[in-house]
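Colleague: With the sequences and hints as input, model every part of the structure.
Sequence lines, in order, name chains A and B. Under this note's numbering, the first residue of the first sequence is numbered 1, with each subsequent residue one higher. Under this note's numbering, the first residue of the second sequence is numbered 1, with each subsequent residue one higher.
Read the hints as simulated data drawn from the structure, not as lab findings. Not one of these hints is a red herring.
A pair holds if it fits inside one copy or across any two, identical chains being indistinguishable in the list.
SDA-like, lysine to any residue: derived pairs with alpha carbons at most 25 Å apart:
no., residue 1, residue 2
1, K97, Y6
2, K13, K98
3, K94, D50
4, K174, F257
5, K193, I177
6, K94, S54
7, K97, D50
8, K125, K173
9, K308, A298
10, K141, S19
11, K102, K127
12, K127, K190
13, K161, L307
14, K292, V238
15, K112, S19
16, K173, S256
17, K308, A279
18, K292, L184
19, K18, E81
20, K112, R34
21, K125, Y57
22, K18, D101
23, K125, L55
24, K125, A318
25, K102, E8
26, K141, S21
27, K259, K312
Protein chains: 2
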Amino acid sequence: MLDEFYIEELARKKFSFKSSSFLNGIGDDSAICRINSDKIVVSCDSQVEDVHFSLKYFTPQEIGFRALSVALSDICAMGAEPKFFLNSLFLPNKTSKKFVDKLFQGFNKASKFYNVELVGGNVCKSKSLIVDITVIGETIKNKYIEREGSDSGDFVYVSGKLGDASLGLSILKKKSIFNYREKLLISKYKSPKAKVSLGKFLGQSSFVTSMIDITDGLTLDLARLLGKNSPNKGACLVWEDIPKSDNVSGTSTMSSFMKSVFSGGDDYELLFTIKRKKAYEFDLLCKKNNFKVFKIGAVDSSGSLTLKKGGKISNLQADGFVHKF
Amino acid sequence: MLDEFYIEELARKKFSFKSSSFLNGIGDDSAICRINSDKIVVSCDSQVEDVHFSLKYFTPQEIGFRALSVALSDICAMGAEPKFFLNSLFLPNKTSKKFVDKLFQGFNKASKFYNVELVGGNVCKSKSLIVDITVIGETIKNKYIEREGSDSGDFVYVSGKLGDASLGLSILKKKSIFNYREKLLISKYKSPKAKVSLGKFLGQSSFVTSMIDITDGLTLDLARLLGKNSPNKGACLVWEDIPKSDNVSGTSTMSSFMKSVFSGGDDYELLFTIKRKKAYEFDLLCKKNNFKVFKIGAVDSSGSLTLKKGGKISNLQADGFVHKF
Numbered sequence: 001m002l003d004e005f006y007i008e009e010l011a012r013k014k015f016s017f018k019s020s021s022f023l024n025g026i027g028d029d030s031a032i033c034r035i036n037s038d039k040i041v042v043s044c045d046s047q048v049e050d051v052h053f054s055l056k057y058f059t060p061q062e063i064g065f066r067a068l069s070v071a072l073s074d075i076c077a078m079g080a081e082p083k084f085f086l087n088s089l090f091l092p093n094k095t096s097k098k099f100v101d102k103l104f105q106g107f108n109k110a111s112k113f114y115n116v117e118l119v120g121g122n123v124c125k126s127k128s129l130i131v132d133i134t135v136i137g138e139t140i141k142n143k144y145i146e147r148e149g150s151d152s153g154d155f156v157y158v159s160g161k162l163g164d165a166s167l168g169l170s171i172l173k174k175k176s177i178f179n180y181r182e183k184l185l186i187s188k189y190k191s192p193k194a195k196v197s198l199g200k201f202l203g204q205s206s207f208v209t210s211m212i213d214i215t216d217g218l219t220l221d222l223a224r225l226l227g228k229n230s231p232n233k234g235a236c237l238v239w240e241d242i243p244k245s246d247n248v249s250g251t252s253t254m255s256s257f258m259k260s261v262f263s264g265g266d267d268y269e270l271l272f273t274i275k276r277k278k279a280y281e282f283d284l285l286c287k288k289n290n291f292k293v294f295k296i297g298a299v300d301s302s303g304s305l306t307l308k309k310g311g312k313i314s315n316l317q318a319d320g321f322v323h324k325f
Numbered sequence: 001m002l003d004e005f006y007i008e009e010l011a012r013k014k015f016s017f018k019s020s021s022f023l024n025g026i027g028d029d030s031a032i033c034r035i036n037s038d039k040i041v042v043s044c045d046s047q048v049e050d051v052h053f054s055l056k057y058f059t060p061q062e063i064g065f066r067a068l069s070v071a072l073s074d075i076c077a078m079g080a081e082p083k084f085f086l087n088s089l090f091l092p093n094k095t096s097k098k099f100v101d102k103l104f105q106g107f108n109k110a111s112k113f114y115n116v117e118l119v120g121g122n123v124c125k126s127k128s129l130i131v132d133i134t135v136i137g138e139t140i141k142n143k144y145i146e147r148e149g150s151d152s153g154d155f156v157y158v159s160g161k162l163g164d165a166s167l168g169l170s171i172l173k174k175k176s177i178f179n180y181r182e183k184l185l186i187s188k189y190k191s192p193k194a195k196v197s198l199g200k201f202l203g204q205s206s207f208v209t210s211m212i213d214i215t216d217g218l219t220l221d222l223a224r225l226l227g228k229n230s231p232n233k234g235a236c237l238v239w240e241d242i243p244k245s246d247n248v249s250g251t252s253t254m255s256s257f258m259k260s261v262f263s264g265g266d267d268y269e270l271l272f273t274i275k276r277k278k279a280y281e282f283d284l285l286c287k288k289n290n291f292k293v294f295k296i297g298a299v300d301s302s303g304s305l306t307l308k309k310g311g312k313i314s315n316l317q318a319d320g321f322v323h324k325f
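Modeller: Written out as structure tokens, the structure is:
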């Protein structure tokens, strides 16, 4: 069956070569391209009706804002600064002016929130609503962070709670009246914020060895972060150290809660690795700059993912959301 | 009813402002953005099943090649040099690996033909096939050509035959066995080539006052080229000077043939204006550099489009393909 991995491999095979103008090659969060003397950072990401969102749960404003946040997150994961975006809109028959007005209100709000300019776009009829966003950024002092640079021993960090978005979605599906804590989870699902300031800070730090944003689930994106080039590379995570909400949803079992934390997508937190010897210094620097970061484990040479929970070690599957056709 | 003009106006109202980083503002073929010290040129364009192409007439290779050509054409219309592209793919359920392989063969062929690098992309399930392409280019010696720079008196030029693509499509719809001349028209529809070399040449010429590529039809794109800012600006075209194929399709009446020439889309020829006093010099320069260009009329101050045919003057409607919802 066709899935996104097949297509990524196909693109790698046919186009992968790093070059003097395409510096990082296919497979990272964003492309680093040389234009004359400068490096630009480019990425595209889409929001598709009934795949990424349902019109049952989202207003058009929320879709516009979220589409930009999600696309920007890939620029943050390179440690770069987002500057411009383009929006390609695919609208179903009979889409109203009012709907499009509201969609643009969302783009406008996000554009101001993140200080990025809309510089282009495109529009066409389609069978369902699709918002495809391309974001362009710039490197700061020519620095950027790739995915696969970690070494055994490096600590694994994350920028915020995991599983919240996935829990938020499951609450949305079950109920229609929500308490305060449920609303927070739902908001994490519907309005994730791209970590622009933290991304720029990490991009300039010489302690950071690799970075990705968590789109499809912690374990799946951690496997991507470790990369395929070193098959012996693995990581051990510590359950108690992973930032997460309490299991608020009464109906959720421990195993489904753990599934949300390890393979629930849509969190858009940054996942990165820090040189072991620099971790103490890094933690101090984050505190000083008011950045909350969480050390959740370490890279090792086990070739697999493991979890330490209550002192016991078990295997972790790299699992998460995969586009299949 | 919602149409693309409404959405363009909406984007202009909410985001139009030119800035020190977004140099030309919304409404041109591509955006000119400043990244550090350099100017980059960005545009996106999509090919949507049953809007831009039908799988009855196109192989996946042809769709891939065409999607890139069409998107590149917008960079050519700025007089810039295309360098990189990203492909966002929206694939229906049960799309086969073979289909995707062939689509990428098309991207690969086009990538080599135009010497542009694939640097990113995205993939998601959707109800019909959509290929959304973002192209990034660079200006040469910091120069680029905007749409609305013409003055009354400037000559209007085009880079090649008009109406061919539209005639090609109508032949495809009518028949299944084609003679040599019909095949040429069909090829113009299925495999338009972006005018990269000519675009770069025109981009560097100080004689060129405005430029656009003909996507949606000669008259509609001419009206866009003249712009809305000077309501008195108009143009008179000379039928006999417009390059076009003979009316090969026996069943086509003169009026439907003229419709193909004036409002048939998909030709992707460059339409541009040249300072009147420099036209002779420009023609010589084009000959010397082996560029075929055709003087088809002149900008005037009539506030409308007119046609001179057989010595008689009549009005021309700005007509062509408009996305409606």
